[in-house]
Structures are given as structure tokens and as C-alpha cells.
Amino acid sequence: MATTSLPAAPSPEAPRRAGSAPTAASTSSPRDAGQLARKHHKVEPVFWWMTIPTLIVFTLAIPLPAVMGIFYSFTNFIGVGNWRFLGLANYVAMFSDPQIRASYLFTVGFSLVTVVVVNIVSFLLAVGLTGRIRAKVAMRTIFVIPMVISGIVIAYVFQFVFSNAVPAIGQALGIGLLKESLLTNPDLAWLAVVVVTAWQAIPGTLLIYIAGLMSVDEVIYEAADIDGASKFKQLMQLTLPLVSSYVVINTILGFKGFLNAYDIIVGLTAGGPGTSTMSVAMNIVNGLTNGDYAYQMANATVFFIFTLLVSLLQLSLMRGRNKK
Amino acid sequence: MAVVAAAALAGTALAGCSASGQQRIVFAFNKREGIPYMQKVVDDYNASQKKVHVVMDTSGIGTTAAGFVRGNPPDLLLANFNNQAARYVTHCATIDLSETAEAKRVRPAVKTLVDGVGECPGRTSAVPYSIMAAGVIYNKQIFARYNLEVPQTYDELIEVCKTLKAHGIIPFYGTFFDSWTVSQGWFDYAAGGSVDLKSFFNGLDAQGTDVGPDSAVSFQKNFLPGMQKMMVLARTYSNADANSRIYGDGNTAMAQGKGAMYLQGPWAFSEIAKTNPKAQLGTFPLPMTNDPKNLKVAVNVDLAAMIPEQSSHQQAAKDFMSYLFQPRIIDAYNASQLGYGPLTDSAAQNDPRVSGVQSYYQSGQMYAGPSYVIPQAIPIPNLAQSMILGADPKGVLAVIDADWARFARRQ
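Residue numbers (the working numbering), protein chains in the order written: chain A, 1 to 324; chain B, 1 to 411.
Derived by calculation from the structure, the hints in this document are not laboratory data. By construction, the Cβ of each residue, glycine as well, lies at the ideal position given by its N, Cα and C atoms. You may find that some hints are simply not true.
Stated by the list, open to error - BS3-like, lysine-lysine: derived pairs with alpha carbons at most 27 Å apart:
#1 B:278 - A:179
#2 A:179 - B:258
#3 B:51 - A:179
Said to hold, decoys possible - Okay, the calculated beta carbon distance ranges per label pair:
#4 B:66 - A:187: 49 to 57 Å
#5 B:232 - A:168: 24 to 32 Å
#6 A:63 - B:351: 35 to 43 Å
#7 B:215 - A:101: 21 to 29 Å
#8 A:102 - B:394: 17 to 25 Å
Claimed, not checked - Just a sample of chain A residues kept apart from chain B, beta carbon distances all over 10 Å, derived:
#9 42
#10 57
#11 63
#12 108
#13 140
#14 173
#15 174
#16 180
#17 278
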């Protein structure tokens, strides 16, 4: 796992390296010093001081509860009192549960659409915000504000907008489509979740794209101008390939984040109308509070394996890209 | 205040007993509207004796649940007795209170109601403190203006709706965006008014995992007629924007006389009074059949007392519980919250806003709302909402049947 993620790290540097001084020579000397130090002391004591407490806290907070959760997924435990082993009954019931199937379908579909929307909008915004425009810093600040607002607050504000403001506008302008709140339409409510999630997620993605675009050397564009390439052609054939590693990072981070969708949906639709926007994470959390702990732990275990497979798939795709 | 409470809580968690030999017990109570009253009761109790110091924890059922898991629950719970709190009872995580004087004062009809929500065989685990009786909240002025009588049958109800609609008045004010208002009001009243819920749930339990289209008892068979009537009321006789209205909108609208009827419990009265303290309101049971004998009121055990097995101060908790159940304290509480006393010696509820359902409660013509009884693993609020927003009732009820069977299979 650790080795596969390493090739990703240097790749954002690649475009910058093309335009600036070579780095290979400058990194070699500290590494020699490190090897020397290692010969004299076996391990720096500070290493243990920093690692052990972190390791203990991490183990207690993440892997240990996870293992306990997996254990209880084979029982009928509700969080208190007696329990007994059920074998695979929870898993069998889960795979025949239409609501859980629907929640996976919704979560994956929503994540795919949102990741595409977020990346396209962020990329175009980043191109605009790194161009020669006035009040660039002020504009960037404004665009980043949604990132620092809590998701639940955003969700409640948008719930009011969708339930009251948008229908009022639809009424005033006579646009029939807007008269009914999007949030009460079981077939379209997921679009509202995409819009609000994207609104919150775009700034983070935007910052990474701005960093990526700023690392592209201006000289390349000057050369392209001289060769007579149009601005659109420059965008598609120069900028996009040069920041492709940033696209990969944003896609992976975004997709993984959206799979865990929770707070925005809770505030915006509470999984409704009906169960049409119930995400996997919401089902799991509900299981803890409503006495279906073991069953939803089975769900969590399956979801863990699912996200693990998605991550491995993405990592292998990324490795393929980096080899090019 | 909060800091003191938090510090006291922390002290309790660590020590349990203070150096002076005084016992500290934690009393979990989180009914928002009742907190000022209960805080005063606790303060009075602490001042009246030196042996026990009671600390009130108002942080909610989530914290209580975590306390149970950690083996450090509150010493006394006075909590809404729904299927969520009832899990502690059904898993026998609370002690038997059958020998207490308070348990012996409970009216038999109320005891049946409590046991229907959850029981540990052979024990009296929860002693009811406050019962809420819910029905249709109606605007008496609007009814008087059009010479309308309180309807006793479903046909009379439809006539009332037609008259109101003809005069441009919204018959029912719906707040369908908040799914709990659909399950608590519309779904529960429609089911409770048309089905004998006690024998229905007994039938379901007897069938075990065998619940479906061909079973003797099922949601899709027994609930369907009531749900179809509910759909008529919701779609034909409710406000056009009901789908996007929330609970707060409904309370404001009722305070302003924008709707004639409202399917909410007595807790809504204090909210309505915030906008219009002079609103003249009353309550009647929703008629779902054409026989007035079938009229029943939806009740829920709004508060019940429980003492966890894991408490190390059970006797002190019992002593404080006796204090809480003194007639002057429990009666004053129920009078202020528009609740009904569950005891044989409880005072009558005389508030005109809820007196319309008093006789039904007294004579035991009542049912526990199915949304309080069905395990929460089945998302009744969401499913009821999808029905009221237009999904086919038969299909949704079939989903509930399948969920019920699936839940029974993994118990």
C-alpha cells in the first residue's frame, strides 16, 4: 500500500521541474547525511517518542473499534445487554434488503456525478482565477468561503432556499418547473444533493487546481502563442495534460469523500423524500441509534471492503498514468 | 450553570460518592419544555435532605445510550418511552420496579399500553409518568364560523372538509417535508383509527418471519384501507404547498388561522401559542370509519421512569423516584405540559385545548401509534412520507412487510 502511493507524490512536481533548476543534485546530500547518522545511532529516541503515542491512540481510535464492529456484525448485539451469534444472517438479510441496495446505488451514482461536476467547475474557475483579471486575490477568497462553513449549516440554508426561495421565484416568473420544491421530488431530489455538495466541495478542489496551474511555466504559453495556437487549443492540449496529475488527485480524493456523504444529506433531505437520498453512511449511523447496531455493522464491513476495492482500482489506474 | 452541571457530572462519573458520605445520583431528563420545571423539583429535593444529591443530565438519549454501552448509565431515567428507549427494557437492562408503591398506582389500561411498547418478561421495568393523547388539533373559531360540528365519522369528516374548501379555507394544514410529522400524525392516526392495532401486532408477532402478501395479517392487507383514506385527506384537502412545509411552518399557519385542522400532538400548542397565545384550539380523535364507536385517540408514553441495572445507587434512585411521583409534583407537571396522569389518583386534565380527547383516554379507547411501536430499523417516517408524496400505498406497505420479515429473521 505505502509503496504504491509513493509514485503519486513526485508527480505534481513534474511540471515545475521542467521549468526550474534540476532537483536531483540538491536532494542527494541530505540523504547521505541521514545514512551517516543512522550508522552512529541505531534509532533516534525522538522517533519512539513521536511514534508510540500516535500509534497507541490510532489503534484505540480506529483499528480496534473497527475489529470490534466486524466481530459484532456476526451477532444480534444492539449496543447493550445480551447477544448471541447469528453467523451470516445479517449479511444474508443485508443483500436482500432493497433499501440497502438502493443506498449503494444512490451513493455511488451521486459520487460519480458530483466528482465530475466538481472537477469541471473547479478547473474552469481555476483557469479564470489564474488568468489576468482584476482583484484576483479578493475573488479567490470569496470562492473559498464555502470551504470554511460547516456542512450542516450549508445544508439547512439551502433547504430553506429550495423549499421557499426557489418556488417563490418560480411562482413570480411563472416557471412551472420551479414552482414545486426540488427536495420533494423523489426522482430529482438527488440533484439538489449534488448541487449543495458541489457548492461546498468546489473550493478545496479549486485551490489544488490553482496550485497546479501556477506551476505551469508561462514560457510554454508564449511559445504556443508564437506557434499560433488558439486559447481553447492551449487549454485542451497544453494546460490539461500538464495538470493531469492534479486531475487524478482531485478525482480520487473527491470520490472517496463523496462516498461518505452524510452531513449535507441529513440537513437537506434527511434521506428523503421517502428513502430516495439515503446514503450508505446514513444507514450505518442510523443503525447505531435505532437498535440495529449489528446489522448496520455488517453493512459497514461490506462498505469498507467496497471502498477498499475502489481505492485499489484507483491507485492502479493512477500508477498506469504515471508510467506514461 | 452548565459548567457547574458538567463539573458535577464529571465528579459523578469518577467518584459516585462524595467525601462527606453524600450520594450523588444522575437523573437523565431531556424533555426540553419540561426542563425549567424539573430543575426546580431537583433543586427542592436537594435542599430538602442531605443524604442524596441529584444531578440532572439533559443531554439526551444519545448520551444515555453511550452511557449504557460504557457501563455508566444515569441512575434514573425519565424518558420518552418509545421503541428506542424500550430496547433497554426488552433487553432487561433496567431493574424490576414492580414492588414500588409507584408501580402499584399505575392504571391497568396504561400498564397495558406501556407493556405493548416493550417489556422484560416478569418485570415491571418502566413506570409511566406522563401520557400524551394526540388527535386532530382544530380551530374552534373557524368551525363556529361555518356552523361545523366535530365529525364523528369519516363521512362527516369529508363533509366538513368540503364545506371548508368551498369557503376557501385549507381543511388540513400538512407539513410533509418533516417526515416525522407524517408518521406521527397522518400515518399513525390513519392506521390507529381503522385497524385494531393490538390484535394486529399480536398477529404479526405470532407469524414471526412469515409476513407477506399471503399471510393472515400484513401491513399491505390491514393498513391499506386506512392509508387510502389518508391519501384522500392529504391530496384533496390539504394545502397545495404541504410537500415543502416544515413543522415550524405548520405551527405558524395554525396560529394565524390559515388552516382549520392539524394532525399534531399537544406539544404543538406551546409552539402555536408563541405566535398567537389567544388561538382558540381544541382536539378530537380522527374518525377513520363510519362507526363512532371506533373513535380512538393516539397516545404515547411521553415519559416513563427506569432505573438501569448498572446503576450503583439504585435505592437512592428509587427514593428520588418516589419524590417525583408525589401527586402534587406529577399532577403539576402534567397540567403544565398538557399531558395526562397515568396513575389511579392522577388529577383530571382540564385544559380546553385537550379536553376533547379526555373521555377517550379515561375509557381506554386509545392506541399506541404504530410509528412508536414498529422497530426503528424500519424507517417508517421516510416510508410514510414517500406514500404521502405520491408513492403507491400498496407498494410502500409491501416494503414495510418485507422489512418486518427481514428484521424478524435477524433477531
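Comparing the hints with the structure gives:
1. B:278 - A:179: Violated, at roughly 34 Å.
2. A:179 - B:258: 20 Å, holds
3. B:51 - A:179: 64 Å, violated
4. B:66 - A:187: 49 to 57 Å: Given range 49 to 57 Å: violated, Cβ gap about 38 Å.
5. B:232 - A:168: 24 to 32 Å: 29 Å, holds
6. A:63 - B:351: 35 to 43 Å: Because 56 Å falls outside the window, the suggested range is violated.
7. B:215 - A:101: 21 to 29 Å: At 24 Å between Cβs, range holds.
8. A:102 - B:394: 17 to 25 Å: Holds - the Cβ-Cβ distance for residue 102 (chain A) and residue 394 (chain B), about 19 Å, lies within 17 to 25 Å.
9. 42: 41 Å, holds
10. 57: Non-interface label on residue 57 (chain A) holds, nearest chain B Cβ at 18 Å vs cutoff 10 Å.
11. 63: 19 Å, holds
12. 108: Holds, because the least Cβ-Cβ distance between residue 108 (chain A) and chain B comes to about 20 Å, which exceeds 10 Å.
13. 140: At roughly 35 Å from the nearest Cβ of chain B, residue 140 (chain A) sits farther out than 10 Å, so the non-interface label holds.
14. 173: The claim stands: residue 173 (chain A) keeps its Cβ more than 10 Å from every Cβ of chain B (closest is about 17 Å).
15. 174: At about 16 Å from chain B, residue 174 (chain A) clears the 10 Å cut-off, so the statement holds.
16. 180: 7 Å, violated
17. 278: Residue 278 (chain A) is in fact no farther than 10 Å from some Cβ atom of chain B, at 7 Å.
Hints 1, 3, 4, 6, 16 and 17 from the earlier list are contradicted by this structure; the remaining hints agree with it.
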